[in-house]
Amino acid sequence: MNDVKNILLAGVGGQGILLASEVLSEVMMMAGMDVKKNEIHGMSQRGGSVTSHVRYGDKVYSSIIPEGEVDILFSFELLETMRYLPLLREGGRVIVNSLKIAPPSVALGKQEYPADLTEEIARRVPGTTIVNGLDLALEAGNPKTVNTVLLGALSNVLDVDKELWLKALNKMVPAKLLDVNLKAFELGCNA
Amino acid sequence: MEKVLLSGNEAIARGAYEAGVLVASAYPGTPSTEILENVIRYKEIDASWAPNEKVALEVGIGASFGGARALVTMKHVGVNVAADPLFTLSYTGVRGGLVLVVADDPELHSSQNEQDSRNYAKFSKVPMFEPADSQEALEYTRLAFEAGERFDTPMFLRSTTRISHAKSIVRLGERPADIPQPSLVRDAAKLVMLPANARKRHYVVEERLRQMEEWSCSQSFNRIEKGAGKVGVITAGVAYQYVKEVMPDADVLKIGLVYPLPKQLIRDFAASYETLYVVEELDPYMEEQIRAMGIKVIGKDKLPICGELTPGRIQKALFGKESPLEDNSPELPSRPPNMCPGCPHRGVFMELNRAKAYVTGDIGCYTLGFLPPLSAMDTCVCMGASIGNATGISKVVSEEEQRKVVAVIGDSTFLHTGINGLMDMVYNKSASTVIILDNRITAMTGRQENPTSGYMLNEQETYRVDMEQLCRSVGVEHVKVIDPYNIALTRKTIREEMARPETSVIITTRPCVLVPRDNMDKRMPLYVDHDKCTGCKACLRLGCPAISWDEEKKKSNIDKIICVGCKVCQQTCGFSAFIEYGE
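Keeping their order, the protein sequence lines are chains A and B. Using our numbering, the first residue of the first sequence is number 1, and each one after it goes up by one. Using our numbering, the first residue of the second sequence is number 1001, and each one after it goes up by one.
Errors might be hidden in some of the hints.
To be verified - DSBU-like mimics (lysine-lysine), calculated; alpha carbons at most 30 Å apart, straight line:
hint, chain 1, residue 1, chain 2, residue 2
1, B, K1404, B, K1429
2, B, K1226, B, K1356
3, A, K5, B, K1003
4, B, K1537, B, K1522
5, A, K100, A, K5
6, B, K1122, B, K1395
7, B, K1395, B, K1492
8, B, K1560, A, K144
9, A, K110, B, K1553
10, B, K1226, B, K1200
11, B, K1302, A, K59
12, A, K110, B, K1200
13, A, K59, B, K1321
14, B, K1003, A, K171
15, B, K1230, A, K144
16, A, K59, B, K1316
17, A, K59, B, K1043
18, B, K1003, A, K167
19, B, K1395, A, K162
20, B, K1356, B, K1122
21, B, K1356, A, K5
22, A, K100, B, K1553
23, A, K183, B, K1560
24, B, K1190, A, K171
25, A, K59, B, K1003
Because the hints were derived from the structure by calculation, they are not lab data.
Chain A extracted, bound-state conformation:
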């Protein structure tokens, strides 16, 4: 299934990953493609590592991305990027939020957060896009719009009409948060 594209979203529970993958899937459906997305709810949402698989193309079978076939690793946190890097296909790309969230063992002083992850990721995957999501979200006016900023950055590398992204945001973001999210998306596009 060579025409199927695979995007793996990764991050930490509470970062808005599920909403981001929801918007992405909606956009691809509106673009006329077959879409599947998959993620785990339940226990892992309590501050754990979270992934969401989004696949689109003419016809998608498996909703989980076959191992080693990720086209874009779209990640909300540095350590989680590193964790799922092995799933990336050769020639795949990485879009990553330059944020560190300490896992429990690090917060408790029992382990160290790996050093120089940004450099390490960029070294392993040439052409990695690094986005300072939090700064741009603050610029947009709400720190919780990091996921929308990142979607803006992602939209740059996907061959989909920008109108569809705006349409999806209009449909899926609560009315009172729409303006700040549209601004966040725009800042992400320009990042």
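Fit chain B to the given chain A structure using the hints.
Frame of chain A, contents of chain B only:
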């Protein structure tokens, strides 16, 4: 027709709506929970949370006997609880259609075992559909009601985590306009399962299965997809999708009704291939039946029984191709789930750890009390098991060790099946201590209402179980109700009750921090005064996600964005370093 992206669970809810379902009942359980949470959006359906799966099924059965179509949903282990009515429902059959949705959890993403519910279909002689995506989840739900009424049988619909929680494109249908009016109809020979009646019904069940098997051989939900004609694959459910991914050229017999299997169809299909695979998740359920027909297949001799299937795992098992993540083991810090900041359970587990209690645990968010640094859980078996386990272990250990035994159980789990254990404990004079962590909600599955909440699934206010009175009414004399945010009181009470040579119950009452309606008192976050912090790390024993250790400064810090101001950390600090903003 409208096209939408739906999860398997949303699609099942929609299917129930389109099937004209009037009653839905469930006990929450991952990955099934969202089905009822979506059913409640359709105002035509009376949907409610039951205290456990057995009651949920019994409510569904009653609605069916009244002539309505009824949906009952649960996770795989819920069927163990509901098995008693299930097996006899198979004999009575239905009046209105009854579909029991069971959501299995291969890989144990959020469960205590990975039992394969297809065995229940065969065991209870209840036919079972198994969809492979959201569109089929919707269609098979409708179909299950139709087939169930046609053959006078309850029906299973089996989902798995990767069906329930995956989204795919679905075409919606409509709800019928003419739904028959339910009514009381007496039919003792069919509905009163005394031996004389039930004996006759068993023959009906066997004949029904024979007829359904024959019928299903010609139905489109059991379909053959032609490939290159060299290799045959028999598969069902989500495994079908992985087969299409990994073996695009194979001829595929996709089974939609996994019980009873369409034996003649399988025989005809199998006859064309020298190499025939059976690809299924978990048990060799189809494989054993196909082998018993004398057909040679490749199945669990190569494919794994444990864990879920993935395209990569099938590749590896059948064709020896390694997948990248399996052999990759980077030394990265793991990120396990954790209790939320401000969780009222946290201080209780810290004190159980300090008291060196032997904790018989139970199923809920508080099972996370097992993880370090709280590390205060020694057993966890199933819903409600903590209390019986405490009674049993106290029977066999020394008196000194008996005093260490504490059962810990949440409010929802206690009402689910824990109350029976407490009756046994006090009736048979066990000296153990039970802690009921009462946060007024079924939290782990995503905060569903239960009989302690004061609200129903439809958000209407309702009666509330009085936990203290309930425990006293079964005979427990020593019941203490405490606020778990008060650490000194929590410590004192736990130690006193552990020492008491009689059954005692401690009820810790604090609403879940994630339920806004119960948390009207807005609290300010705290910060650490670094002049006072001595770096003793006492606060780190709480394992609160808001508290982190600064290795350079050798001091603790609080993330004010996620701190909810519970002040439990303040009480662990001997140097008054934790200060509320605004103080």
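(message) Check the hint pairing B/K1226 with B/K1200 against an upper bound of 30 Å on the C-alpha distance.
(response) violated (44 Å)
(request) Verify the proposed pairing of A/K59 with B/K1321, using a straight-line Cα cut of 30 Å. (result) Between A/K59 and B/K1321 the Cα gap is close to 24 Å, so the pair holds against 30 Å.
(request) Below or equal to 30 Å on CA atoms is what counts here, so check B/K1356 against B/K1122. (result) Violated, at roughly 46 Å.
(message) Checking one constraint from the list: CA of B/K1560 to CA of A/K144, max 30 Å. Satisfied?
(response) holds (15 Å)
(request) With a cut-off of 30 Å on the C-alpha distance, tell me whether B/K1395 and A/K162 pass. (result) Not satisfied, since the Cα-Cα distance of roughly 69 Å exceeds 30 Å.
(message) What's the verdict on A/K110 and B/K1200, does the C-alpha distance respect the 30 Å limit or exceed it?
(response) Distance of about 67 Å is beyond 30 Å: violated.
(message) Check the hint pairing A/K110 with B/K1553 against an upper bound of 30 Å on the C-alpha distance.
(response) holds (15 Å)
(request) Decide if the proposed pair is consistent with the structure: A/K100 and B/K1553, CA atoms, cutoff 30 Å inclusive. (result) holds (19 Å)
(request) For the pair supplied as a hint, B/K1190 and A/K171, confirm whether the alpha-carbon distance does not exceed 30 Å. (result) Not satisfied, since the Cα-Cα distance of roughly 51 Å exceeds 30 Å.
(request) Quickly compare the C-alpha distance for B/K1395 and B/K1492 to 30 Å and report which way the hint goes. (result) holds (25 Å)
(message) Can you confirm whether the C-alpha distance between B/K1226 and B/K1356 stays at or below 30 Å?
(response) Violated, at roughly 63 Å.
(message) Need the status of pair A/K59, B/K1316: alpha-carbon distance at most 30 Å?
(response) Since the Cα atoms of A/K59 and B/K1316 sit roughly 24 Å apart, the hinted pair holds (cutoff 30 Å).
The structure fails hints 2, 6, 10, 12, 15, 17, 19, 20, 21 and 24 (numbered hints given earlier, in ascending order).
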